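There are 4 protein chains.
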Amino acid sequence: MSDVIIVIGAGSIGQAIARRVSSGKHIVLADLRQANADAAAAVLSDAGFDVSTTATDVSSRDSIEALVETATKAGEVTGLIHAAGVSPSQASPETILAVDLYGTAVVLELVGNVIARGGSGVVIASQSGHRLGALTTEQDAELATTPADELLKLPMLQPDLVTDPLHAYQLAKRGNALRVMAEAVRWSKRGARINTISPGIIITPLAKDELTGPRGEGYRRMIELSPAGRAGTPDEVGNVGALLMGPDGTFITGSDILMDGGVTASYFYGELAPE
Amino acid sequence: MSDVIIVIGAGSIGQAIARRVSSGKHIVLADLRQANADAAAAVLSDAGFDVSTTATDVSSRDSIEALVETATKAGEVTGLIHAAGVSPSQASPETILAVDLYGTAVVLELVGNVIARGGSGVVIASQSGHRLGALTTEQDAELATTPADELLKLPMLQPDLVTDPLHAYQLAKRGNALRVMAEAVRWSKRGARINTISPGIIITPLAKDELTGPRGEGYRRMIELSPAGRAGTPDEVGNVGALLMGPDGTFITGSDILMDGGVTASYFYGELAPE
Amino acid sequence: MSDVIIVIGAGSIGQAIARRVSSGKHIVLADLRQANADAAAAVLSDAGFDVSTTATDVSSRDSIEALVETATKAGEVTGLIHAAGVSPSQASPETILAVDLYGTAVVLELVGNVIARGGSGVVIASQSGHRLGALTTEQDAELATTPADELLKLPMLQPDLVTDPLHAYQLAKRGNALRVMAEAVRWSKRGARINTISPGIIITPLAKDELTGPRGEGYRRMIELSPAGRAGTPDEVGNVGALLMGPDGTFITGSDILMDGGVTASYFYGELAPE
Amino acid sequence: MSDVIIVIGAGSIGQAIARRVSSGKHIVLADLRQANADAAAAVLSDAGFDVSTTATDVSSRDSIEALVETATKAGEVTGLIHAAGVSPSQASPETILAVDLYGTAVVLELVGNVIARGGSGVVIASQSGHRLGALTTEQDAELATTPADELLKLPMLQPDLVTDPLHAYQLAKRGNALRVMAEAVRWSKRGARINTISPGIIITPLAKDELTGPRGEGYRRMIELSPAGRAGTPDEVGNVGALLMGPDGTFITGSDILMDGGVTASYFYGELAPE
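Chains as they are written, first to last, in our numbering: chain Y, 1 to 275; chain R, 1 to 275; chain E, 1 to 275; chain C, 1 to 275.
It is worth saying that the hints were derived from the structure and are not from the lab. Treat the hints with care, as some may be off.
Said to hold, decoys possible - A few chain C residues facing chain R, derived, Cβ under 7 angstroms:
no.	residue
1	Arg-19
2	Thr-163
3	Leu-206
4	Glu-217
Unchecked claim - A short, non-exhaustive set of chain C residues, derived as facing chain R with CB atoms under 8 angstroms:
no.	residue
5	Phe-49
6	Pro-205
7	Thr-233
8	Asp-235
Here the structure is a predicted model, which means the values were calculated and not measured. Glycine is no exception: its CB is placed at the ideal position from the N, C-alpha and C atoms.
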């Protein structure tokens, strides 16, 4: 029986973290589309990793239950890399909340029920969660602790209040970090840890398309004016993921690591401030 | 001419980060008390580091100016580790704001004027900054961007509103993270980066005294009930400092890394919640 | 002008190290075959790296000179990852010595003429170099210090003495580590460092083919009987490369890091001993 | 029951590695002199580590047996840092062989009998082992595999052949690396790894004394003429120790990592060559 790393989301960021923490372990790689999972598994297998795949819809509790069952059959689940989600340019507010907010809550609940002693997980959120104004203490607590299957019924998340995909995305990503805080307490009962990484603009094949697409000018301006003056690489997210999931990060749990080239700083106090 | 790392505060955390990033460089070590600086310098020198010391009062612009002049004479300033401060059990609200809030603002301003291209700094704040409720957007901006010498005149910081040392400390540490965001924009003009680390309970000689002192029971309970179930070590802060100041952290600037063994998570959503 | 990392050899190992040390820098990627360089560049570009390519024949001084000229035009050469070579199953003894031994000597000479202060390089050798019995002190010195263009004239390398491709390969790889020692002295005059990594069986697309090919059984047996009980991943070589090329490795130069899952240990003192 | 790290030798190098790998674990710290162990334990305890001490004479099998029993009673032995030894300026050839060669062999044997699955160890050897000319294949095998209690009876180690403390030291340190190779095979049966680090001149309080003592000029010349142009720090050895003992090093076993600022390279092919 191997140690198992569950990777949800077949994209570059999940892969980059997986590369840093999965040598000699078994990766269970889940994606909404089996074909995406298989393509990523082929790349990781060519890079020496032992990978199996499954199609998982993270907006479905049943589907996540099946994923967790697959993983526990493969070995002891010592790691979680949750990097699946839909972006505001891809989906409606309802879908974004269902996948990014509810789905993450269920993933944390179900993987948190089986995570091994000494295990560790990371959830990929977004710098977008850092742009939303402060919520009330009560709203924070609702997002953090409402039972997963009640989450989407919260008044603050109803369609009349969340009409814009970007707003839904910001709420979902803020909610991810809050949920991770509450789950960090629960995961600790099993001797495990969970943290959030909030990346900024990271170059992936999809991001490259966006940078040359109709909204590309805005993104390119954001990159040029940002303190770092460049976009990030998935491998840089891998650096942070490796720290959080490895022995150097064992005092870190319930945290949210913003790594955005300074975009958030500039949004609030620099050239990227909205007019 | 060597590369120079400025370390402000002779305590264990500053030393631990310095050990990770200063081999082959020159450390200019500043502390309020020359004797403390000398003692730490002796330890670091025995550990192979090249160190000079100076007495610096971080609540005094003149004193920080002298420190920066000393550092630039010694070489090119490629790093800053700002780990000086007073704790709520040591000082009045006025002193806490003067040292921890105003002093940090001046340090960031003056070191930011000379930091080398490719340079990087970390400011040690505290988990305490994460417990304060949300400030308004305007208050955030005031703490982030008010010219340093005007900071202590802000209405929100006046003695009638800040009567408790812990409140002053939380405001100062929240202010540090906000200030770092604004300075991250400015430091980027020189090709440099600056981040905050917010540690939880870290074992140092002083902390060991507190754990066995009159308020020790509260601290020990906090540690026992925390998700990590233990206090942290300065060397673990060194791990995060090394990441932030080194090549693996070049996409991270203006961020605040909370590393507290999950105490903040538990304060909001676990056993450490205030009654 | 960017910092430039020269990567010679478009295979997985060179790419994995490049991913760890090239964020925010420019990669000049050279391979014997332009198509291979372009394919690797496409992968790295999709992963957020800034890459240009060139076709380089490392057995030709003129070709390496052209590569170095291309690199210096692109910026300051702060890093070298030399991962090109031919394996004993691919080539004759003459070709192996020309590419792996002579080519590496010329690469080290010419890149060593331009490497930046603070720069660092790694040469990928092989565990095979550790299996060869001890050479004499004189032979070691000849391989280390004979001018590159005289190297292939050494009596010990003549065709009547080196008839087997594996022998040629072992000599070349031993020679790489020796050459790196001598060059470490020379590179230090520019404030730069150079080291060797000697990997064991690392999974790459080519290695996967070999493992399922006619000689696959021998390789699979070697893996199964090895102390690690598994092959390595390119990303694990990336871990060592990142250490050697980064600030944590500045006291390491002229060294050869064997990372082979214990195969060499077992070859000499374990189940993998030749009968 | 904690995870236990056995640290043998209370000096700076062992402490520096321990700091990197022991947060949240229990350190059993052994030294020949109880007072040295206690002093180091006080430093580590002030730095947040959980430490117990014992006096151990590594030239005595009984004493090492007692150490291992103490360690296994404290928890599961997941790590070994063997940094004890005598230097050629401190002892006779007989003592050097008894402590540095025989003692290390017994430590590796007895700790290797109890090391946990996934555990890892490092043995601190020395650059001196790299200066000795090549031994024969038979001599290598004798040093690697002769039962520990027979080791000192080997003909090559008899007093008429080993008359000089430096020669004894070089043989012992070469022997450490060879012994580690053979033990890497045996440790792998328990799923554990063991490697050697061969440091050059590392600044410690003892080394500082030597640098200013009667033989200081030779050492200072060696440092100045070395490629690195400086001595190393214990924390830099900690970097390598952390890699070898952590998840990034799981493909490395039976290796010997030379980290000497290029002194060995220069000894063979540079300014430090003996006349």
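Go through the hint on Arg-19 (chain C) and say holds or violated, using the shortest Cβ distance to chain R against 7 angstroms. This interface hint holds because 4 angstroms falls under the 7 angstroms limit.
Min Cβ distance, Leu-206 (chain C) to chain R: is it shorter than 7 angstroms? 10 angstroms, violated
Answer holds if the nearest beta-carbon of chain R is closer than 7 angstroms to that of Thr-163 (chain C); otherwise answer violated. Hint violated; Thr-163 (chain C) Cβ to chain R Cβ min 33 angstroms, cut 7 angstroms.
Using the nearest Cβ pair, does Phe-49 (chain C) come within less than 8 angstroms of chain R? 7 angstroms, holds
Once the shortest beta carbon distance from Thr-233 (chain C) to chain R is found, is it less than 8 angstroms? 4 angstroms, holds
Is the interface hint satisfied for Glu-217 (chain C)? The criterion is a beta-carbon contact with chain R at less than 7 angstroms. Where the cut-off is 7 angstroms and the nearest Cβ of chain R is about 19 angstroms from Glu-217 (chain C), the hint is violated.
Can Pro-205 (chain C) be said to touch chain R, with a Cβ gap under 8 angstroms? It holds, given that the least Cβ distance between Pro-205 (chain C) and chain R is near 5 angstroms, below 8 angstroms.
Report holds or violated for the interface hint on Asp-235 (chain C), using the least CB-CB distance to chain R and a cut-off of 8 angstroms. 4 angstroms, holds
The structure fails to meet hints 2, 3, 4 from the earlier list, while all remaining hints are met.
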